[in-house]
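Trainee: Protein chains in written order, with full-length UniProt numbering: chain B, 1 to 153; chain S, 1 to 153.
Think of the hints as simulated: they come from the structure by calculation, not from any bench. It cannot be assumed that every hint is accurate.
Treat identical chains as interchangeable: a pair holds within one or across any two.
Mimicking DMTMM-like on lysine to aspartate or glutamate, the simulated pairs with C-alpha atoms at most 20 Å apart in a straight line are [unchecked claim]:
id	residue 1	residue 2
1	K17	E97
2	K129	D24
3	K128	E105
4	K3	E65
5	K152	D118
6	K150	E116
7	K152	E138
8	K152	E89
9	K100	D24
10	K44	E116
11	K30	D127
12	K4	E65
13	K150	D118
14	K143	D127
15	K150	E105
16	K152	E116
Predicted, not measured: the structure shown is a model, and the values here were computed from it.
There are 2 protein chains.
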Amino acid sequence: MEKKITFRIATEQDLDKIVKMLADDTLGSKRERYEQPLPESYLKAFQAITSDPNNELVVACQDNEVIGVLQITFTPYITHQGRWRATIEGVRTSSSERGKGVGTELIRWAIQRARERDCHLVQLTTDKKRNDALRFYEQLGFKATHEGMKMKL
Amino acid sequence: MEKKITFRIATEQDLDKIVKMLADDTLGSKRERYEQPLPESYLKAFQAITSDPNNELVVACQDNEVIGVLQITFTPYITHQGRWRATIEGVRTSSSERGKGVGTELIRWAIQRARERDCHLVQLTTDKKRNDALRFYEQLGFKATHEGMKMKL
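So here's chain B without its partners, still in its complex pose:
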């Protein structure tokens, strides 16, 4: 029998595992600092996210263990007749669980959450170096209609 995956808003107790997952990744390993105690910048960001009603840090759990994470930001825009959109960022699943459909369920949960928040669009950007990610998101119904442009400050 498949074990059921549940989704909930992350708590401070989840932060260690979240950072561990973000760091355990080809690109993430170069930019995160997973160490004990966690750098304070992570806790500050966590507090900023959880105190903002337009940001949700969501974890996927199985047997009370966190096995996936993503962040959704809900933004009101003047464009498209003043409709809201949802932006998904920081999607990661536990390396031991990859390839088992956790990511798919996590994104589907986020899409449903965007509908509940009356968004007309869900969007995300994926690094062109992540070869499999484009197809993964296309299979979920996303279309790569835009260039995702970044500038480091």
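Add chain S to chain B, keeping to what the hints say.
Mentor: Positioned in the frame of chain B, the structure of chain S alone reads:
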């Protein structure tokens, strides 16, 4: 002598001109509704944006006339060691002013604003159908490192 362009947070009195600019565009004409009175959805979005400390609707002005607009969203993320990033969206200049560098000054202003808000990254997505936009943003220092994926709900 070149007329000086100034930048400020949009007020409700600017909303009519903002929607007019958004609608006066190849893609915007298909999705906006510029009419009198303005559809209420625009006003509701304006109020949601201006009441959110992490969203700023910015206008460029010349001789007290609004000639450009964009929206900046500041978002705290766990990724990149918990740093903030700025997302630019809904960039438009008045059709009579295009090609005069207003867009360039507007984006530069937004980049400076992102620095003031301690963001480590500025990002935006641009529709692949906008042929000139990619080069415009690349000249400003953005890199098209990501796919910008969208899903309509």
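Trainee: Would you mind marking each hint as holding or not holding in the structure?
Mentor: Hint by hint, here is what the structure shows:
no. : hint         : in the structure
1   : K17 to E97   : within (14 Å within a copy, 51 Å between copies)
2   : K129 to D24  : within (16 Å within a copy, 36 Å between copies)
3   : K128 to E105 : neither (23 Å within a copy, 29 Å between copies)
4   : K3 to E65    : within (12 Å within a copy, 61 Å between copies)
5   : K152 to D118 : between (32 Å within a copy, 12 Å between copies)
6   : K150 to E116 : between (29 Å within a copy, 18 Å between copies)
7   : K152 to E138 : between (27 Å within a copy, 13 Å between copies)
8   : K152 to E89  : both (17 Å within a copy, 17 Å between copies)
9   : K100 to D24  : within (17 Å within a copy, 47 Å between copies)
10  : K44 to E116  : between (28 Å within a copy, 18 Å between copies)
11  : K30 to D127  : within (14 Å within a copy, 30 Å between copies)
12  : K4 to E65    : within (12 Å within a copy, 58 Å between copies)
13  : K150 to D118 : between (27 Å within a copy, 16 Å between copies)
14  : K143 to D127 : both (15 Å within a copy, 11 Å between copies)
15  : K150 to E105 : between (28 Å within a copy, 18 Å between copies)
16  : K152 to E116 : between (33 Å within a copy, 14 Å between copies)
Hint violations for this structure: number 3 only, all remaining hints satisfied.
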